[in-house]
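All chains, please: the whole structure from these sequences, using the hints.
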Amino acid sequence: MIKLSLVQIVGPYCGTHTEGEMLYRVIEPYINCNEKVVLDFEGVQLASSSFFNELFRHVIEHFGESVLNSQIAYASLKPRHQFVLDRSQPIASAS
Amino acid sequence: MRLIPFRHDCSEILNHYKTSVQCFREALFALEPVRIELGYVRYLRPFGLNLLSAMTFELLRNGLQVSLTPPQDERVNIFLADQGFYSEFLIGDAGRLQSSPRSTSVGLRRLDEPDGNYLTSVAHWLKRHSDIPFEDIEDMVMVTMPEVINNVFDHSRSPFGCYVCAVAYPSEQRLMLSVIDFGVGFYTSLSPHYRDIHNDSDAIALAVKPGISSKPKKGNAGRGLHILSDWVKTTHGELEIVSQDGHWIQDSQGVTTTNNISFTFPGSCINLCVRTSHLPSTDPTERRRYD
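Taken in order, these protein sequences are the chains called E and L. Quick note: the first sequence uses my numbering, first residue 3, plus one each step. Quick note: the second sequence uses my numbering, first residue 34, plus one each step.
One or more of the hints may lead you astray.
[As the list claims (entries may be wrong)] List time: in silico DSSO-like cross-link candidates among lysine-lysine, alpha-carbon distance up to 27 angstroms:
{"id": "1", "chain 1": "E", "residue 1": "K38", "chain 2": "E", "residue 2": "K80"}
{"id": "2", "chain 1": "E", "residue 1": "K80", "chain 2": "L", "residue 2": "K266"}
{"id": "3", "chain 1": "L", "residue 1": "K242", "chain 2": "L", "residue 2": "K266"}
{"id": "4", "chain 1": "L", "residue 1": "K242", "chain 2": "E", "residue 2": "K80"}
{"id": "5", "chain 1": "E", "residue 1": "K5", "chain 2": "E", "residue 2": "K80"}
{"id": "6", "chain 1": "L", "residue 1": "K266", "chain 2": "L", "residue 2": "K248"}
Calculated from the structure, these hints are not laboratory results. Small disclaimer: the values here were computed from a predicted structure and weren't measured.
Set out below in structure tokens:
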């Protein structure tokens with residue numbers, strides 16, 4: 003398992019597709035090796051649906067939707083990040 | 034010379050701008066000098082200032098010569114200056130009045146790309162003047178604003194990005210925030226992908242549902258306006274979306290209504306009103322009551 007700091011990878015503003023794609027490029031090799039990735043949101047100011055959408059889109063396209071739950075976890079999510087994350091999950095698996 | 038008059042009450046009531054918008058549309062194609070008439074304006078809210086700014090920008094962008102009659106009411110004129118209107122456009126009383134940022138408002142700003150630093154400054158501004166816990170303010174800004182602004186840049190094709198303006202009204206215990214673009218509108222953006230919509234009102238009502246996007250093949254897109262609507266609902270705020278002649282409102286109880294307005298708005302606008310006394314606690318267990 004590897005814990006990755008989003009602030010170090012994309013900075014404190016995870017606001018657009020660009021940051022989502024940037025993060026995907028970093029986590030892709032770990033997922034490819036079946037390693038679990040913990041995304042650490044410590045210090046992240048904002049995380050938008052566009053950011054999550056781009057990240058999830060790449061993961062689903064390349065590895066399938068099940069990987070979102072089995073290999074990606076989250077740490078230090080503020081309530082507002084959780085709010086957006088909950089509503090950004092793929093519709094088929096959204097609660 | 035073409036005139037674009039603004040009436041005395043430039044509040045959030047759409048019909049008050051019908052003549053201004055119609056004159057703006059005509060002026061845009063007339064290739065004559067334009068005078069924006071603000072002489073009688075006695076009341077200006079964020080939506081009005083945003084619309085005025087977007088029109089002015091668009092006229093100048095199209096190479097028209099633009100002059101302005103400043104408001105006779107000096108309080109309104111100083112508000113325009115303080116909000117940065119004159120320093121943005123260098124017309125009217127730009128030479129006489131200097132911008133002096135107010136504690137109760139966020140200066141007028143044109144965004145041509147999503148800007149996280151700007152959002153942080155908005156949150157800190159709100160903190161300075163209000164009694165609301167900073168985390169609540171920060172949550173509100175950092176959840177709603179990116180969704181609104183991304184929507185503009187992802188879908189609207191607006192020629193200038195968007196104008197943003199926010200003002201706090203402590204005596205009314207509310208914040209008003211307005212984002213405006215002069216893009217193609219919701220119907221034009223969505224209709225190629227959703228055959229069962231017939232006008233902009235239909236398109237707005239559809240767009241606030243999860244998974245609706247002008248890029249429906251792009252994975253999991255189309256959550257932004259749904260998240261915005263959901264967030265506003267949790268805080269008992271009010272949300273208004275205008276697109277061309279479509280109009281959609283979500284009131285403080287979460288009840289939505291749609292209708293058509295009597296003129297064609299030159300783009301889209303999202304107006305957000307937050308009752309500051311109703312912002313929820315940031316404590317997660319407490320917050321669940323609102324989710």
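Check the structure against each numbered hint from earlier and tell me which ones fail, lowest number first.
none
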